[in-house]
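Protein chains: 4
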Amino acid sequence: MENKPQKSNWKHKLHEIIYEADTSEGKLFDVILLIAILASIILVMLESVDSFDAKYHDSLIIGEWVITILFSLEYIFRIISIKKPTKYIFSFFGIIDFLSTIPIYLSLIYAGSQGLVALRALRLLRVFRILKLARYIGASNKLLLALKASKAKIAVFLFFVLIVCIILGTVMYMIEGAENGFNNIPKSIYWAIVTLTTVGFGDIAPQTPLGQLISSVIMILGYSIIAIPTGIVSSEMTKTPDEHNTSTQSCPNCLKEKHREKAVFCYNCGSILNP
Amino acid sequence: MENKPQKSNWKHKLHEIIYEADTSEGKLFDVILLIAILASIILVMLESVDSFDAKYHDSLIIGEWVITILFSLEYIFRIISIKKPTKYIFSFFGIIDFLSTIPIYLSLIYAGSQGLVALRALRLLRVFRILKLARYIGASNKLLLALKASKAKIAVFLFFVLIVCIILGTVMYMIEGAENGFNNIPKSIYWAIVTLTTVGFGDIAPQTPLGQLISSVIMILGYSIIAIPTGIVSSEMTKTPDEHNTSTQSCPNCLKEKHREKAVFCYNCGSILNP
Amino acid sequence: MENKPQKSNWKHKLHEIIYEADTSEGKLFDVILLIAILASIILVMLESVDSFDAKYHDSLIIGEWVITILFSLEYIFRIISIKKPTKYIFSFFGIIDFLSTIPIYLSLIYAGSQGLVALRALRLLRVFRILKLARYIGASNKLLLALKASKAKIAVFLFFVLIVCIILGTVMYMIEGAENGFNNIPKSIYWAIVTLTTVGFGDIAPQTPLGQLISSVIMILGYSIIAIPTGIVSSEMTKTPDEHNTSTQSCPNCLKEKHREKAVFCYNCGSILNP
Amino acid sequence: MENKPQKSNWKHKLHEIIYEADTSEGKLFDVILLIAILASIILVMLESVDSFDAKYHDSLIIGEWVITILFSLEYIFRIISIKKPTKYIFSFFGIIDFLSTIPIYLSLIYAGSQGLVALRALRLLRVFRILKLARYIGASNKLLLALKASKAKIAVFLFFVLIVCIILGTVMYMIEGAENGFNNIPKSIYWAIVTLTTVGFGDIAPQTPLGQLISSVIMILGYSIIAIPTGIVSSEMTKTPDEHNTSTQSCPNCLKEKHREKAVFCYNCGSILNP
Numbered sequence: 001m002e003n004k005p006q007k008s009n010w011k012h013k014l015h016e017i018i019y020e021a022d023t024s025e026g027k028l029f030d031v032i033l034l035i036a037i038l039a040s041i042i043l044v045m046l047e048s049v050d051s052f053d054a055k056y057h058d059s060l061i062i063g064e065w066v067i068t069i070l071f072s073l074e075y076i077f078r079i080i081s082i083k084k085p086t087k088y089i090f091s092f093f094g095i096i097d098f099l100s101t102i103p104i105y106l107s108l109i110y111a112g113s114q115g116l117v118a119l120r121a122l123r124l125l126r127v128f129r130i131l132k133l134a135r136y137i138g139a140s141n142k143l144l145l146a147l148k149a150s151k152a153k154i155a156v157f158l159f160f161v162l163i164v165c166i167i168l169g170t171v172m173y174m175i176e177g178a179e180n181g182f183n184n185i186p187k188s189i190y191w192a193i194v195t196l197t198t199v200g201f202g203d204i205a206p207q208t209p210l211g212q213l214i215s216s217v218i219m220i221l222g223y224s225i226i227a228i229p230t231g232i233v234s235s236e237m238t239k240t241p242d243e244h245n246t247s248t249q250s251c252p253n254c255l256k257e258k259h260r261e262k263a264v265f266c267y268n269c270g271s272i273l274n275p
Numbered sequence: 001m002e003n004k005p006q007k008s009n010w011k012h013k014l015h016e017i018i019y020e021a022d023t024s025e026g027k028l029f030d031v032i033l034l035i036a037i038l039a040s041i042i043l044v045m046l047e048s049v050d051s052f053d054a055k056y057h058d059s060l061i062i063g064e065w066v067i068t069i070l071f072s073l074e075y076i077f078r079i080i081s082i083k084k085p086t087k088y089i090f091s092f093f094g095i096i097d098f099l100s101t102i103p104i105y106l107s108l109i110y111a112g113s114q115g116l117v118a119l120r121a122l123r124l125l126r127v128f129r130i131l132k133l134a135r136y137i138g139a140s141n142k143l144l145l146a147l148k149a150s151k152a153k154i155a156v157f158l159f160f161v162l163i164v165c166i167i168l169g170t171v172m173y174m175i176e177g178a179e180n181g182f183n184n185i186p187k188s189i190y191w192a193i194v195t196l197t198t199v200g201f202g203d204i205a206p207q208t209p210l211g212q213l214i215s216s217v218i219m220i221l222g223y224s225i226i227a228i229p230t231g232i233v234s235s236e237m238t239k240t241p242d243e244h245n246t247s248t249q250s251c252p253n254c255l256k257e258k259h260r261e262k263a264v265f266c267y268n269c270g271s272i273l274n275p
Numbered sequence: 001m002e003n004k005p006q007k008s009n010w011k012h013k014l015h016e017i018i019y020e021a022d023t024s025e026g027k028l029f030d031v032i033l034l035i036a037i038l039a040s041i042i043l044v045m046l047e048s049v050d051s052f053d054a055k056y057h058d059s060l061i062i063g064e065w066v067i068t069i070l071f072s073l074e075y076i077f078r079i080i081s082i083k084k085p086t087k088y089i090f091s092f093f094g095i096i097d098f099l100s101t102i103p104i105y106l107s108l109i110y111a112g113s114q115g116l117v118a119l120r121a122l123r124l125l126r127v128f129r130i131l132k133l134a135r136y137i138g139a140s141n142k143l144l145l146a147l148k149a150s151k152a153k154i155a156v157f158l159f160f161v162l163i164v165c166i167i168l169g170t171v172m173y174m175i176e177g178a179e180n181g182f183n184n185i186p187k188s189i190y191w192a193i194v195t196l197t198t199v200g201f202g203d204i205a206p207q208t209p210l211g212q213l214i215s216s217v218i219m220i221l222g223y224s225i226i227a228i229p230t231g232i233v234s235s236e237m238t239k240t241p242d243e244h245n246t247s248t249q250s251c252p253n254c255l256k257e258k259h260r261e262k263a264v265f266c267y268n269c270g271s272i273l274n275p
Numbered sequence: 001m002e003n004k005p006q007k008s009n010w011k012h013k014l015h016e017i018i019y020e021a022d023t024s025e026g027k028l029f030d031v032i033l034l035i036a037i038l039a040s041i042i043l044v045m046l047e048s049v050d051s052f053d054a055k056y057h058d059s060l061i062i063g064e065w066v067i068t069i070l071f072s073l074e075y076i077f078r079i080i081s082i083k084k085p086t087k088y089i090f091s092f093f094g095i096i097d098f099l100s101t102i103p104i105y106l107s108l109i110y111a112g113s114q115g116l117v118a119l120r121a122l123r124l125l126r127v128f129r130i131l132k133l134a135r136y137i138g139a140s141n142k143l144l145l146a147l148k149a150s151k152a153k154i155a156v157f158l159f160f161v162l163i164v165c166i167i168l169g170t171v172m173y174m175i176e177g178a179e180n181g182f183n184n185i186p187k188s189i190y191w192a193i194v195t196l197t198t199v200g201f202g203d204i205a206p207q208t209p210l211g212q213l214i215s216s217v218i219m220i221l222g223y224s225i226i227a228i229p230t231g232i233v234s235s236e237m238t239k240t241p242d243e244h245n246t247s248t249q250s251c252p253n254c255l256k257e258k259h260r261e262k263a264v265f266c267y268n269c270g271s272i273l274n275p
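Chains as they are written, first to last, in the UniProt record's numbering: chain A, 1 to 275; chain B, 1 to 275; chain C, 1 to 275; chain D, 1 to 275.
All clues stand as given, with none of them false.
Which copy is meant is left open, so a pair is good if it fits within one copy or across any two.
Calculated cross-link-like contacts (lysine to any residue; reagent style SDA-like; alpha-carbon spacing at most 25 angstroms): (1) Lys55 <-> Thr208; (2) Lys55 <-> Gly181; (3) Lys151 <-> Ile163; (4) Lys55 <-> Gln207.
These are computed hints drawn from the structure, not numbers from a lab.
Using the sequences plus the hints, can you model the full thing?
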C-alpha cells in the first residue's frame with residue numbers, strides 16, 4: 001500500500017510536467033520539446049541536401065537516432081502518465097506524435113520511408129498550446145470563427161472556381177493542343193488553375209492568338225474574382241469585432257442596448273446600468 | 001378513359017422522380033445523375049491522356065456509349081414527363097443537356113467534335129439544385145446579390161484596366177520590339193494583361209532597362225488597383241448583413257417589410273408593429 | 001446681317017451635334033465616333049501583326065487615311081463650333097485628339113512615328129461621356145472619391161514598397177551577383193518589384209540558398225502587405241455607401257435620425273416625417 | 001565669457017538648421033539633404049551597371065567622394081550641434097547615418113564592402129520627417145495602428161502559412177524528386193512559398209500528374225487564404241473610423257471621453273453631457 005500512492009504520485013508529477021505548463025519543470029519540458037521538434041525538422045531538411053548529407057552523414061544519422069529516441073520516450077511517458085491512454089492515443093496530437101515517430105525506425109531499417117516525417121511539421125502546431133499564448137489563441141479563434149461563418153460562401157466560391165477551370169481548361173486544350181504544351185485535359189485544367197489563381201508558372205503558356213485572348217479573359221477573371229473570398233472574410237471580420245465592443249446588457253429603465261462595454265450609466269436616460 | 005389517367009399518373013410519377021427530390025426515388029435519381037455527370041467528365045479527361053487512351057481505348061469508348069445513352073434517355077424522359085416540353089428545352093439546363101449529349105453521337109461517327117463536352121462541366125451546376133442545399137443556395141444568392149449591386153463599379157474598373165493594358169501594351173511594343181518577344185501590339189497587350197493581373201508567365205519578359213522600368217510601373221499599378229474590386233465587393237458584403245439588421249416582421253397594416261430591428265412603429269403607415 | 005445669324009445658327013447646330021447627345025443627330029455622331037475610335041485602334045493593332053500586314057498592307061493604309069481624315073475633320077469642326085476654341089484645344093480631350101491625329105500624317109510621310117497612336121486608346125475614355133451613362137459615371141465617381149480619400153495612405157504605402165524594393169534589390173544583387181542574372185542594382189530592384197508584387201516572371205530567379213531564403217521573405221511580405229491597399233480602399237468604400245442608405249432627416253417629434261431612405265413615419269415615435 | 005554664449009549661439013543656430021525645418025535655412029538644408037540622399041542612391045546604382053561604370057568610372061568615384069564627405073560633415077555637425085550626442089548616435093537614424101557613411105571609406109580603400117550602401121535607402125525614410133507632411137504622417141500612423149492592432153492575427157496567419165509550406169514542400173519533394181528540380185526539402189519549401197504566395201517564377205514547376213494535382217490545391221489555397229490578411233486589415237481599418245463615431249466631447253463632470261455620438265448622459269457618471 002505504500003508503493004501504490006507513491007507510484008501514482010510519480011505519475012501525477014509526470015503528468016504535470018508533460019501536459020501542463022504551470023510549474024517550472026513543465027515549462028522547461030515544453031521548451032525542450034519545442035527545440036527538439038524544430039531540430040528534428042531541420043535534421044530532415046539537411047539530410048535531403050546532397051552536399052550536406054555527403055559531408056555529415058554520420059552526424060545526421062546519430063542526431064536522427066537521438067531525436068527518435070527522445071520522441072519515443074515522450075510518447076511512452078505521455079501514455080503512462082495519462083489516466084485514459086486511449087484518449088491521448090486517438091487524439092489529433094496523439095496520432096501525429098505516433099506517425100512522426102514510428103516511420104523513422106522503419107526508415108533506419110528499410111531506406112525510403114522517411115516520407116512521413118512531413119508530419120513532424122504538424123507537431124509545430126503544439127507551439128500554440130505550449131506557449132499558452134492566450135492572445136494568439138484568441139486571435140486564431142477569431143480567425144477560425146470568421147472562416148467558419150463564411151464556410152458555405154467559400155465552398156460555393158471554390159466550387160465555382162473549379163467548374164470555371166474545368167470548362168476553360170478543356171477549351172484551351174481544344175484551341176492550343178498538344179503541340180503547345182496542352183497535352184491533355186487534366187494538364188490544361190492544371191494550367192487554367194495556375195492562370196486563374198494568378199500564379200502563372202509559365203512552364204505552359206498559350207501560343208496561339210485565340211489562346212492568348214482566352215487566357216486574357218481567364219486572367220482578368222482571376223484578378224477580379226479574388227475580390228470575392230476577400231470580401232467574404234472582410235465582411236465577416238468587420239462584423240465580429242463590432243459585436244465585442246458594445247456590452248450585451250440593456251438599460252433596466254429605457255431598455256436601450258449597445259452600451260459601451262464598461263458603461264455604468266445608460267447613454268440614453270441616465271439610469272444606472274446593472275453591473 | 002381508363003388508360004389516360006393511368007398514363008398521366010405514370011408521367012406524374014416520372015416528373016416527381018426527375019424534377020423533384022422529395023421522394024426517396026427522386027433522391028436516388030439525383031444521386032445517380034450526379035455520379036453519371038462526374039463519370040462523364042472524368043471519362044473525357046482520361047480519353048485526352050494519350051498513355052491512358054492507348055491502354056484502355058475500348059473501355060473508354062464503351063463507357064462513353066453507356067453514358068451517352070443514359071443522358072439521352074434522361075433528356076427524353078425530361079421532355080416526356082413535363083407538361084410544357086418547350087419550357088424545359090429552351091431553359092438554361094435544357095440547352096446544356098442537349099449540347100452535352102448530342103455531340104457525342106457526332107464524335108462517335110465523325111471524330112473530332114468531342115469539343116463541346118466541355119459543356120458537360122456546366123451540368124455540374126445542377127449540384128446546387130440537386131442537393132437542395134438551401135444553405136449553399138442562400139450563400140450563392142448573397143454572393144450574386146453583392147456582385148449585382150457592384151456591377152456598374154466593376155464594369156468601370158474592368159474598362160479602365162482594359163484601356164490601361166491597351167496603352168501600356170502599345171508603349172511596350174514600341175520600346176521592346178519584336179526582337180524581345182513583343183512581336184505585335186495584340187501580343188504586347190496580352191503581355192500587359194499578364195503583368196497587370198500579377199500572373200506573370202514569363203514567356204515574354206522585358207529586356208531593355210526602359211521596358212523594365214515601365215513594367216515595374218505596371219506591376220505596382222496592378223498590385224495596387226487589385227484593391228479596387230476587393231474594396232467594392234467587401235463594402236457591398238459588409239453592407240448586406242446590415243440589411244439583416246432590419247427585422248423580419250412585416251407591418252400588420254400595410255404589409256411593408258424591412259423595418260429597423262427595434263422599430264416600434266411602421267415607417268410607412270405609422271401603425272404599431274407586433275413585438 | 002442676314003448671313004451672320006445663319007452662320008451662327010449653323011455653328012450652333014454643329015455644336016449641338018458634336019458636343020451634346022440630346023438630339024438624334026448628336027447620338028448618331030457619338031456612335032459613329034465611338035466606332036471610328038475602335039476601328040482606328042484595331043487598325044493599328046493589325047498593322048503591327050506582320051503576317052496580316054503583308055497580306056492587307058494596302059487596305060490598312062487606306063483605312064488609316066480614311067480614319068485620319070475623319071479625325072482631322074472632327075478636330076476642325078470641334079474648333080469651329082465652339083465659342084472659345086482655346087478652351088477645347090487645351091482641354092484633356094483636346095490635347096489627346098490632337099496628338100492622336102497629327103502623328104499619322106507624320107507616320108505616312110516619315111515611317112516610324114506611329115508610336116503616338118497609343119494615345120488613341122485614351123480617346124476611348126470618351127465612352128463614358130458619350131454614352132451618358134449616369135449610373136456608370138456615378139460608379140466611377142464613387143471609385144474616384146474613395147481613391148482620393150485614401151490618396152495619402154496609398155502614397156505612404158507605395159513609398160514604403162519602393163524603399164523595400166530598393167533595399168531588398170540591392171541585398172539580392174550582393175548575394176546572387178551577375179552570374180545568376182542579377183547583373184546590376186537597377187535590374188535587381190526590378191526583380192524585387194516583380195517578386196514583391198507577386199508577378200514572378202521567372203526570367204530572373206534566385207539560385208543560391210540564401211537568395212532563395214530572402215526571396216521567400218520578400219514573397220511572404222508581398223503576399224501579406226497587399227492587404228494594406230485593399231484594407232484602405234475597403235474601409236473607405238464601406239464608409240461611403242452607408243451614408244447613402246439612411247435619409248439625412250431627423251424626426252420632428254423625437255429628433256431620432258437614420259431613418260430608412262423613403263420612410264414616411266418615424267420608426268421610434270410614429271410621427272409623420274417631413275417629406 | 002563672451003566667447004561661450006557665442007559658441008553656444010552658433011551651436012544653437014546649427015541645431016536649428018539641421019534638426020528643425022521652420023526657418024528658411026532649415027528648409028534649404030533639408031531639401032539639399034534629400035537631393036544628396038537620392039543622388040547617393042542613384043550613384044551606387046549606376047556604379048553597378050557595367051557599361052555605365054566602364055564609361056564614367058572616374059566621375060562616379062568623384063561623385064562618391066563628394067557625397068561621402070558631405071554625409072560625413074552632416075554626421076559630425078549633427079553630433080556637435082545636439083546637447084546629448086549619444087541620443088542621436090544611438091537613435092534609429094543615427095545608426096543608419098553612421099552605417100551608410102563609414103562603409104564608403106572602407107570601400108574606397110578595400111574594394112567590395114560597398115554592400116552596406118543599401119542602408120542609404122533607409123535614409124529615404126527621412127523624407128517623412130523632412131517634409132513635415134502632417135497629412136502623410138497621420139496616414140502612416142493610422143496604417144501602423146491598424147497593423148499593430150492586427151499583429152497577433154497576422155502572426156498566427158504567417159505561422160500557419162509557414163507550417164503549410166513546410167508540409168507541402170516536403171510532400172512535393174517526395175512526389176517530384178530531384179529529377180524534376182525539387183532537389184532537396186529546403187528548395188521544395190521555397191517552391192511551396194513561391195506557389196502559395198501566387199508568385200510562380202516557374203524556374204521549378206511540377207511535372208508529374210500527382211505533383212500538378214497537389215500544386216493545384218496549393219494554388220487554390222493560396223488564392224483563397226490571401227483573403228485572411230486582407231480581411232484582418234480591412235476590418236481593422238473599417239473599425240478605426242468607427243471610433244470617430246464616438247463624439248469628441250468629454251464629460252463636464254468626470255472628464256471621460258469617447259461617448260456614443262448622440263449620448264445625452266455620461267456613460268460613466270450619469271451627468272448630462274453638453275450638447
